[in-house]
Each structure stands twice: as C-alpha cells, then as structure tokens.
Amino acid sequence: MARFTADITPHPEAIGRLADDVSDFLRGAGVDARAVHHVALVIEEILTNVATHGGCPDLPATIALEVRQDRVSGEIGDQGRSFDPRTAPTPDIDAPIDERQIGGLGLHLVKHLTSALEYRSDGTQNWTTFCIPRT
Amino acid sequence: MDVSEQQVGRVWVVTARGRLDGATSGQFAQRVEALITGNEPRLLVDFSGIDFVSSAGLRVVLALVKKVKAGRGALALCGVQPAVREVLEITGFAGMIDIHPERTAALTALS
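Going down the list, the sequences are from chains A and B.
Residues in the first sequence are numbered from 1 upward in steps of one, following my numbering.
Residues in the second sequence are numbered from 1 upward in steps of one, following my numbering.
It is worth saying that the hints were derived from the structure and are not from the lab.
Even for Gly, the Cβ is constructed at its ideal location relative to N, Cα and C.
Certain hints may be false.
To be verified - On the chain A side, residues computed to face chain B include the following (Cβ under 10 Å):
(1) Ile63
(2) Ile97
(3) Gly106
(4) Pro133
(5) Arg134
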C-alpha cells in the first residue's frame, strides 16, 4: 500500500505544487487518470476553503494519502475554524447564466467526487477524511 | 500554465496548457479578457492541454461566459479531457457552454 504525506501552508502557489506532487505520486502508484485528477481536486478545494474561510491561511495543514486496491483514501488536518464540509449548502447549478453564482462549487465538487467524506474536530485540529474510487 | 492565442477569421482561439487553478486562473483571465473587449466577441478555448480545473478555474470560465454574453458574442470549448469534462458536468457548466470534441467543429459553429 503506497503512502504519501506532506505539510503545506495553504497559499495558492503551494497548493498547486502540492497537487503536482500528489498527481506524480498517484500516477507512479498506478492510479487511473480520473482518480488522479479528482484526488488532486478534492485536496485543492478543501485546502482553499481552509485558507479562505477557515481564517488560517498561514498555519500549516497536513495531508496523508493511501492508495488501496479499489480507492485512494485521504486525510487533511488543519487548524482553521471548525467547519464540516458535508453541511455546505448546495449551489443552484441550473440557474441561468446571468444569475449563476460561483460560490459553493468547490465543496459541491468535493461532495460529488468522493465516495466517503467524514469530518471531525478534536478541539485544536479539524480532520477531513475522504475516499475516491479507482476505476 | 502556458497560454497562446491566434485569430481564425472572426474567432479568437486560445490554447492553454497545464492547470487552471487558484494559482493560474488570474493570469489566464487577464490574458483572455483582453481578447473579448469588442461587440459580438467570438471565443474558442482549446482545453486539450488543460489537465486540471478547480473551482477557481470555473470562476474565471463563468466570468468569461458572462462577459461574452453581455457583448452578444459566443464562446465555446473544445478538446476537454474526460476528468475535466466530469467537473463541468457536475457543476452545471456543461449545460451552459457549447463543448465540441474537436477544434474544427467548434470553429465552424462559431464562424
């Protein structure tokens, strides 16, 4: 079982570099292109949310991934405000162009692309865990 | 991210390679918005080299769609990779943007 761990200060450029590292690791572990993309996307969206809404863009977050036979499992630890991504409101994705809002699409993607999504807070850290199925 | 543009008849064709994310979307937006300042702009974005799109990238795409619509123009995408296509479908973008498999068909539709 291949494992990947990293620490990151969630600034946009650093998130981009982390996504590249994650993608290289997953491709090297034989993960299909769809799952590689979606794991990198889920990590980017969660970390971006931590940086923009969690109130702690300068505090380090941790990432851990495990490649299993049928899925990729991930855990992100951060020190931002407590927030359960599963409770994020669903955006109106059928609204006309003029009324279309961009807010909420990131966590909408996270909820759709993950086969499991869990959240817990231990008082000092938030822990978001997820699974992306392999094909 | 690498971005280049060329004019084919009345259509601006933008070719981008790499990631369209929080780190690159600002640069991409600035480059492309400069092409659609007139009336009835016609814009084709060739996505065949785009291997990653996040919600930050979608934010830019939506802004382009709104700007083109306000100018009574047209916008289309071509060459969208399967994982990116899935992102466009989940977020409803596939229903509001013309997406063509190949550049030639997209140019015909926009011309």
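Verification of the hints:
Because the smallest distance between the Cβ of A/Ile63 and any Cβ of chain B comes to about 16 Å, over 10 Å, the interface hint for this residue is violated. The restraint placing A/Ile97 at the interface with chain B holds, with a minimum CB-CB distance near 5 Å, inside the 10 Å limit. Interface hint status for A/Gly106: upheld, as the beta-carbon distance to the closest one in chain B is roughly 4 Å, under 10 Å. The closest approach between the C-beta of A/Pro133 and any C-beta of chain B is roughly 13 Å, which is over the 10 Å cut-off, so the hint fails.
With its C-beta approaching chain B no nearer than about 13 Å, A/Arg134 sits outside the 10 Å limit, and its interface hint is violated.
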